[in-house]
Structure formats: C-alpha cells, structure tokens
Amino acid sequence: MYLGIDLGTSNSAVVGYLDGHLRLFKAADGGDVLPSVIYVDRRGHRFIGKSAYDRTVTSPQSVAAGFKRSMGTRSPIRINDEEWTPEECSAEIIRTLVAQAHTESGGRQIEGVVITIPAAFNQMQSEATIRSAKAAGLNKVSLVQEPVAAAIAAIAKSSVRDGVFLVYDLGGGTFDVALVISTGGSVNVIAHEGINMLGGRDFDRRIFDSIVRPWLMSNFTLPENFQKDPAYRFLTTVSHHAIERAKIQLSASASASIFASEDDVRMRDLSGSDIYLGIDTTRDAVAAIVRDKVEDTIALCRKVISDNGYRPEDISKIVPIGGPSKMPLIRDMLQRELAIEVEQNLDPMTAVAMGAAIFAESRVWEESHSTRKASRSKEEVRGSISLAFDYQARVTAETTRLSVRPEDTNVGKFWIEVIDETGTTTGRLAIDGPLRIPLPLRRDGDHRFKILVSGDDGIAVPTLSRDIVITRAPAAAASIPMTYSLAVKTQTGTVGYERNKLVPLVSKGTALPAEGRQTFRSGKTMRGGIADTLNFEFFDMATGIDDPEKNLHIGDFRLDAEKDLSRGERIARGEELIVHWRMSDNGLLSFAVEIPSLGRVIDAPNLYFVEGGHINFEGEQGSQVATSLLARAEEELRELKAILPALGQETNPLQNRIEDQHAALAVSIDADTHRSVTEEARKIRQEVALLKISPENVEHVVAKEVETAELDFDELRDMAEPAEIERHDRLVATARRSLRERDFDSARYALDEMRSIRFKIVSSQPEFLIGLFREIAGEDYLAVNEELHEQLVIEGIARIEAGDIDGLRAAIRGILTNRVSMEVSGAKIVELAHLLGS
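Residue numbers (full-length UniProt numbering): 1 to 838.
In short, the hints are calculated from the structure, not lab data.
Keep in mind that the hints are not guaranteed to be accurate.
For each label pair, taking beta carbons as the anchor points, the in silico distance ranges come out as [claimed, not checked]:
| no. | residue 1 | residue 2 | range |
| --- | --- | --- | --- |
| 1 | 603 | 567 | 48 to 54 angstroms |
| 2 | 378 | 503 | 39 to 45 angstroms |
| 3 | 764 | 491 | 16 to 22 angstroms |
| 4 | 696 | 251 | 43 to 49 angstroms |
| 5 | 660 | 372 | 42 to 48 angstroms |
| 6 | 567 | 716 | 39 to 45 angstroms |
| 7 | 631 | 764 | 24 to 30 angstroms |
| 8 | 30 | 503 | 51 to 57 angstroms |
| 9 | 111 | 544 | 39 to 45 angstroms |
| 10 | 660 | 312 | 27 to 33 angstroms |
| 11 | 652 | 375 | 49 to 55 angstroms |
| 12 | 631 | 296 | 43 to 49 angstroms |
| 13 | 443 | 379 | 20 to 26 angstroms |
| 14 | 372 | 503 | 28 to 34 angstroms |
Heads up, the beta-carbon is just placed ideally off N, CA and C, and yes, glycines get one too.
With these hints in hand, go ahead and build the complete structure from the sequences.
Structure follows, in structure tokens:
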C-alpha cells in the first residue's frame with residue numbers, strides 16, 4: 001500500500017493506493033478530512049482532528065491549529081503551559097493520518113508515503129516537513145508539490161486526458177498556481193507560482209478586522225487594541241472560530257450569522273456586560289472584503305499563462321483545489337476574469353491527497369529516499385534465435401505495445417504469442433521481421449503477461465519466453481520544475497573592496513531531478529584544527545535581484561575547520577572550491593564541497609541549517625522583526641519616490657500595501673501576522689528594486705546614485721588615504737562615462753566599488769564603530785542566542801570604556817555572527833559584517 005498525505009493548514013487527508021485502486025481513509029469521526037488541530041487535556045491526553053477542533057472555543061489555550069504556516073521557523077506553538085515546535089505539531093497530524101490508514105486497510109504494509117507541500121515552500125520548510133514525517137515514524141517518505149499532486153488527481157478523474165490545465169490551489173495558508181500539460185494522462189508541469197502567506201486564514205483575519213472588530217467596539221466597552229491584550233485573546237479565538245463557521249455557510253447560502261453566545265465567549269467587557277457575537281452578514285459583504293486578495297491570485301494566474309506563451313483560450317479548464325476555492329466568489333471571478341471553464345467534479349478537499357498517492361506508487365522506495373520508477377523496459381533473449389523485447393513498463397493509456405525485433409536472418413521458423421491474466425491471447429504470430437503487438441490494459445494497476453516463443457512444433461522455448469509486468473497508472477508526473485531559484489551568496493569586486501551578491505545554483509524552472517557543479521572562491525583563509533567556519537549561505541532568490549539583503553535566507557552549510565580539516569591543512573583566501581550539488585524531485589538539496597588543493601571532498605548529504613536560518617515570529621520579538629523590515633521597505637520606497645517623483649502610479653499601490661501592513665501590526669500580536677507582514681515587506685522591497693532597474697527608470701536612478709555617492713565621499717575625504725581618494729575619483733569618472741554610454745551594468749559595478757571604499761574608511765573610525773555597536777546592541781530580537789548577545793553587549797561596553805577598539809571590533813563581530821541572517825540588517829551592517837571578518 002502506498003499513501004498520499006495532504007498535510008494542510010486547516011484540514012489534512014490521507015489516500016491509499018492499493019492493488020490499482022485509490023481509497024480515501026476517513027477520519028475517526030467519519031469525515032473525509034482531518035482538521036489539522038491538536039487538543040491536550042489537563043492530564044496530558046492528546047486529541048487530534050474534529051474532537052480537538054470542537055475544543056477551540058471551550059479551551060483555546062489547550063488547542064494548537066494553523067501551525068503549518070510556521071514550518072521552517074522557530075516560532076513556538078503553545079499548548080497549555082508547554083511549548084511545541086511546528087514540526088512536533090505536524091508530526092502528530094501525520095501520525096494520526098497514518099494510523100487511520102493502517103487501521104482501515106486491515107494493517108496493510110506501507111511501501112512508501114508522499115506528503116504534499118505548497119509550491120511556495122522553500123528549502124527550510126521542506127526540510128521541516130521531512131523531519132516531521134521522520135518524527136512520526138516514517139522512514140520511506142518523499143515530498144511532492146501540491147499543484148503537481150492536484151494536476152495528477154485532476155487528470156486521473158477526468159475524461160479529457162489531453163490538454164493544458166491551470167491548477168488553482170487556494171488552501172488555508174498558501175496559494176499555488178500551476179500550468180500543466182497532459183498527454184495521454186502523463187502530466188508535465190510547465191510552470192508554478194505561489195504566494196506563501198495567502199489563504200483562508202488571511203481571509204478570516206480581514207473579516208475580523210472589517211466586520212467583527214467594529215461590531216464589538218460599537219456594542220461593548222473594550223480597549224482600543226483589545227486584540228493585543230492577552231486578557232482578550234480568548235475573545236479573538238472565539239471570533240475567528242465563528243468567522244470560519246460563517247464563511248463555510250456562505251459557500252452554500254447568500255447570508256449567514258457570525259455567532260457566539262455569552263456561554264461561548266464567557267467574558268465581560270469593561271462595564272461588566274456579557275460579551276457575545278451576533279452579526280448578520282452576506283456573501284456580498286464578505287466578497288467585498290476579500291476581493292482584492294482574490295484579484296492577486298487571478299493576476300498571478302494571468303502572469304503564469306502569459307509568461308509561458310499561452311492565452312486563456314488555450315487552457316482546457318481550471319482545476320480548483322483547497323477549501324477556500326469552494327467560495328462562490330472565487331469560482332465566479334475565475335470564470336469571469338479568465339474566461340476559462342472551471343472544473344466542478346473534483347473534490348477540492350481530497351484531490352491533493354489522491355494525487356500524492358498516485359505519485360507514491362510511481363516511486364522506487366529506499367530507506368531514506370525514493371526515485372522514479374523506470375518507464376521503459378528493454379531485454380534481449382538469446383537461444384535458437386536472438387530477440388529484443390522493448391515495451392513501456394508504466395503507462396497511463398488503456399493500451400500499449402510490445403516491440404519484438406529479431407536479430408537473426410533465419411526467423412521464419414519461430415512464432416510468438418502473448419497471453420494476459422484472463423487467458424486472452426494475441427494468437428500465434430510469425431516472427432518474420434520486427435513486430436509491434438498491441439496489449440490491452442483493462443484497469444489501473446499491474447498487468448501480467450506471458451510471452452511464449454515457440455518453434456514450428458508449437459512448444460514454447462523456455463530460454464526465449466518471458467513473464468512481464470506492465471503497470472497502468474491513473475496519471476503520472478512526467479516532469480517537476482524547480483519552484484524558486486536557489487542561490488549562494490558570493491563576494492565580488494577587487495580585494496579589499498568586495499560586495500556580496502547572489503549566484504544562482506539551481507534556477508527556477510529547472511526540471512528536477514537535476515545536478516551539477518559550480519566553482520566558487522574561498523572568502524577567507526582557514527587552517528585545520530583552529531575554531532573557524534566557512535559559510536555557504538543559501539537564499540531563495542527573486543528573479544532579477546541579486547542583492548542578498550532583499551532575498552530570503554534559507555540556510556547555511558558550514559565547513560568547520562576543526563572538524564572537517566586536519567591539522568596542517570589550509571584553505572587560502574581566494575582558493576578554488578567546487579560545489580557538487582544535486583536537487584531531487586522532492587526539492588531537497590544535497591551537495592559536497594571539493595577542495596582541489598587538498599584532494600579532498602567533504603560530503604553534506606543534506607543541507608545543514610544553522611539556527612540563524614530560522615526566525616521566531618512570536619510576541620514582541622516577532623513584532624520587532626516585522627516592524628524593522630517594514631521600516632526598511634518604507635525607507636527604500638521613500639528614496640525611490642525622491643529620485644523618481646513621477647512614479648506615483650507605480651508607487652502608490654506599494655505605499656498602500658505598506659499602510660495595510662502597519663494596520664495589521666497595530667492590532668495583532670500573533671506569529672502568523674508577524675510572518676505575513678515580513679513576507680509582504682520583502683516583496684515590496686523586491687518590487688522597489690525591480691522598479692529601480694527597469695529600462696525606463698534605470699538611467700535616472702543610477703545617475704542619482706552616482707551624484708549621491710560623490711557627495712557622500714566628499715564628507716569622508718579628510719579621513720581617506722591618498723590611494724583611496726585617487727581610486728574613488730577614478731571610479732566616479734568611470735561611472736559617469738558608463739552613464740553616457742548607457743552601460744548601466746558597468747556604472748553599477750563602479751558604484752559598488754565606491755560604496756566599498758566608503759565602508760572601509762568609516763569602519764576604521766572609532767566613532768563609527770561605537771555608533772554601530774549601540775545600534776546593534778539594542779537589536780536583541782535578532783539574536784540566535786540571546787544569552788550570548790547579552791554577554792557580547794557587556795563586553796562591548798567594557799571595551800568602549802577602556803578605549804580598546806580592536807576589542808570592540810571583536811564584540812561587534814560576535815554580535816553579527818550571532819544574528820539571524822535576514823534582510824532586516826541594513827546594507828551598512830551587511831557590508832560591515834564582511835569588513836570585520838564575520
């Protein structure tokens with residue numbers, strides 16, 4: 001038995017593939033899906049699914065839900081007085097799903113399990129999902145992206161096996177869209193796009209802010225920002241539960257009530273009145289609140305279609321997946337805005353698990369990984385004559401062909417007959433040349449055939465006869481593309497004046513699995529036996545933006561001089577290092593670092609994530625992270641508007657999005673909101689960066705940057721060495737000449753060199769170092785180890801008082817090394833981290 005698991009934000013499902021048949025394993029309450037909710041009672045007993053979901057109102061402090069959106073972070077999930085990790089919570093859901101499949105199947109052995117992940121999941125989130133599966137007791141486990149699984153399920157259930165399909169996957173926490181082409185049930189994913197923090201939970205939050213909160217403020221005496229007050233957390237939880245019930249009801253009727261009685265709420269306002277909810281709303285009112293978010297998803301659909309050379313009329317149908325996709329508003333808008341037929345016959349709640357089960361059966365399972373089963377089989381048999389058999393071992397069609405090619409000239413005396421499991425025969429066919437014998441495949445699953453080769457006497461020749469198995473699958477995934485660009489941070493520029501930039505390792509759209517090698521240069525000197533590390537920092541890189549500061553850091557591999565190098569071994573700064581990488585079709589990276597000068601290869605089976613790759617978005621720490629990044633987005637947008645004041649049409653929507661994020665932070669303290677704001681701020685910064693390099697803007701932007709760089713250096717001339725002054729002035733001249741020649745890449749290179757010179761000058765000034773120390777000392781919310789941060793701050797203060805600048809440098813270097821590696825660090829701090837040797 002093979003299992004497919006849809007591990008969802010709101011609901012999960014498990015489907016088995018048994019003997020060529022798909023079977024949905026129902027939850028203990030008889031439902032098709034299992035609510036992704038955990039409840040722990042006072043005695044420590046755990047309840048998973050609907051029984052836990054029903055306790056959301058009565059015992060919210062004992063319930064965990066929505067934790068999928070925190071996968072790949074350090075945000076804790078609190079249940080009673082205990083802290084759980086998102087991975088531990090997900091493991092409980094997986095364990096429950098596997099148990100219900102095992103029970104309902106009569107204890108059938110599990111050959112392999114495939115768990116679905118959003119296309120927008122990055123390396124950290126994928127690795128976290130695998131760890132959850134391992135914690136649940138699964139060894140043979142792989143991942144597949146939700147749109148891929150949805151496409152497989154849609155084709156498997158469709159009478160139309162050929163065409164181009166758009167998979168619209170809107171779940172509780174994420175949105176994915178995939179463009180797929182199917183030929184005879186074999187699915188090729190042409191392109192994916194996704195939004196990591198857009199789903200039903202975001203709709204709920206908007207409904208709360210737009211309908212529920214104003215109603216509560218009008219009818220009861222409550223603090224202005226009661227959502228941020230822990231004393232009213234229960235009221236917020238009950239409200240969201242009521243919103244979800246009403247939203248589900250609105251999928252079937254035009255009106256509903258967001259309702260919770262006094263007994264449900266069990267709270268009084270500041271004047272002593274019992275609080276309740278009784279808000280009548282309509283489908284149209286809710287539609288108006290979420291319409292712009294739905295429009296964002298449709299805009300992404302249009303982009304995927306047009307970017308890949310298609311028009312809406314080329315698309316056979318839209319396949320909606322995920323609970324929120326059942327909203328009439330969404331189906332109506334998809335039909336109206338894209339003018340493409342929307343599939344109505346597929347269950348959006350279970351289709352992804354179904355596709356995952358089909359995918360699981362297509363894999364060869366080893367203990368720690370899986371690979372795709374061979375689709376063709378070739379065999380040569382030798383005896384009285386020599387024959388070559390060639391056939392497709394796995395197909396999605398109802399018929400296939402066995403190719404038989406004789407290699408002898410004297411073939412007229414031999415005959416071939418193929419008999420299937422039912423005894424149906426092809427009849428005896430003379431082997432008088434190459435043959436293509438049609439074979440019927442009447443059902444999904446394995447089909448066994450006997451190939452009998454005989455002479456004129458009609459007696460089968462054992463050495464020439466064979467038994468073969470051909471599998472008919474409901475559908476198959478022919479190719480899976482990389483859903484984002486995985487990049488490595490490198491240093492460019494002349495020695496002493498480097499800057500950081502990203503170099504793609506695996507580009508978005510690359511067909512997986514894929515492998516390769518790439519040469520890098522060591523950024524520092526390393527000696528074996530000495531405590532030191534060389535970091536390979538990995539990023540999820542946005543198209544066209546190579547600045548690490550504006551991209552998502554997703555983990556590091558650390559080459560450890562104490563552990564990985566022997567005493568006496570040395571890697572020199574600038575020395576060649578060759579990275580051998582492989583990206584599986586699960587989207588998981590493995591690689592090795594070759595050191596040619598030492599004749600050594602250091603293997604890293606999986607990407608090693610240091611703690612700094614994971615952010616804690618909970619509470620005040622998460623609020624500060626989100627606020628810092630949003631402030632940077634606002635600052636960069638303000639700078640752009642100052643350079644290009646005529647860009648109002650393009651920048652006003654960005655400013656509105658920033659204001660929306662400020663509003664969200666003002667009334668919320670939950671980790672989910674903080675992470676959502678962080679994601680949105682990053683996207684805004686990336687869009688600002690793209691506006692700056694767009695063909696119509698780049699000349700004005702670069703000219704202004706050159707002017708500003710020259711003025712900034714004039715303030716430092718008295719502190720600069722003559723060689724630095726001469727080099728900077730030459731670079732200014734180079735930048736201006738490049739501008740006249742419209743060679744903007746060369747101008748930007750000169751700007752980078754100029755900036756590095758300025759940073760090198762200021763980093764040698766005690767006043768600058770003291771100011772920098774004071775700035776980063778207060779950013780304890782970015783510390784990986786808060787205790788170490790506090791120790792380093794105390795050390796830095798002591799070094800300032802003693803006038804020990806070298807000691808202060810060491811303290812600053814320690815603080816920067818102990819920070820989460822994310823883009824709230826400004827360009828100044830990022831550059832300084834390099835100059836100080838971190």
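Okay, the hints, checked on the actual structure:
no.	hint	verdict
1	603 / 567: 48 to 54 angstroms	violated, 21 angstroms
2	378 / 503: 39 to 45 angstroms	holds, 40 angstroms
3	764 / 491: 16 to 22 angstroms	holds, 19 angstroms
4	696 / 251: 43 to 49 angstroms	holds, 44 angstroms
5	660 / 372: 42 to 48 angstroms	holds, 44 angstroms
6	567 / 716: 39 to 45 angstroms	holds, 43 angstroms
7	631 / 764: 24 to 30 angstroms	holds, 28 angstroms
8	30 / 503: 51 to 57 angstroms	holds, 53 angstroms
9	111 / 544: 39 to 45 angstroms	holds, 43 angstroms
10	660 / 312: 27 to 33 angstroms	holds, 30 angstroms
11	652 / 375: 49 to 55 angstroms	holds, 52 angstroms
12	631 / 296: 43 to 49 angstroms	violated, 24 angstroms
13	443 / 379: 20 to 26 angstroms	holds, 25 angstroms
14	372 / 503: 28 to 34 angstroms	holds, 29 angstroms
Of the numbered hints listed earlier, those contradicted by the structure are 1, 12.
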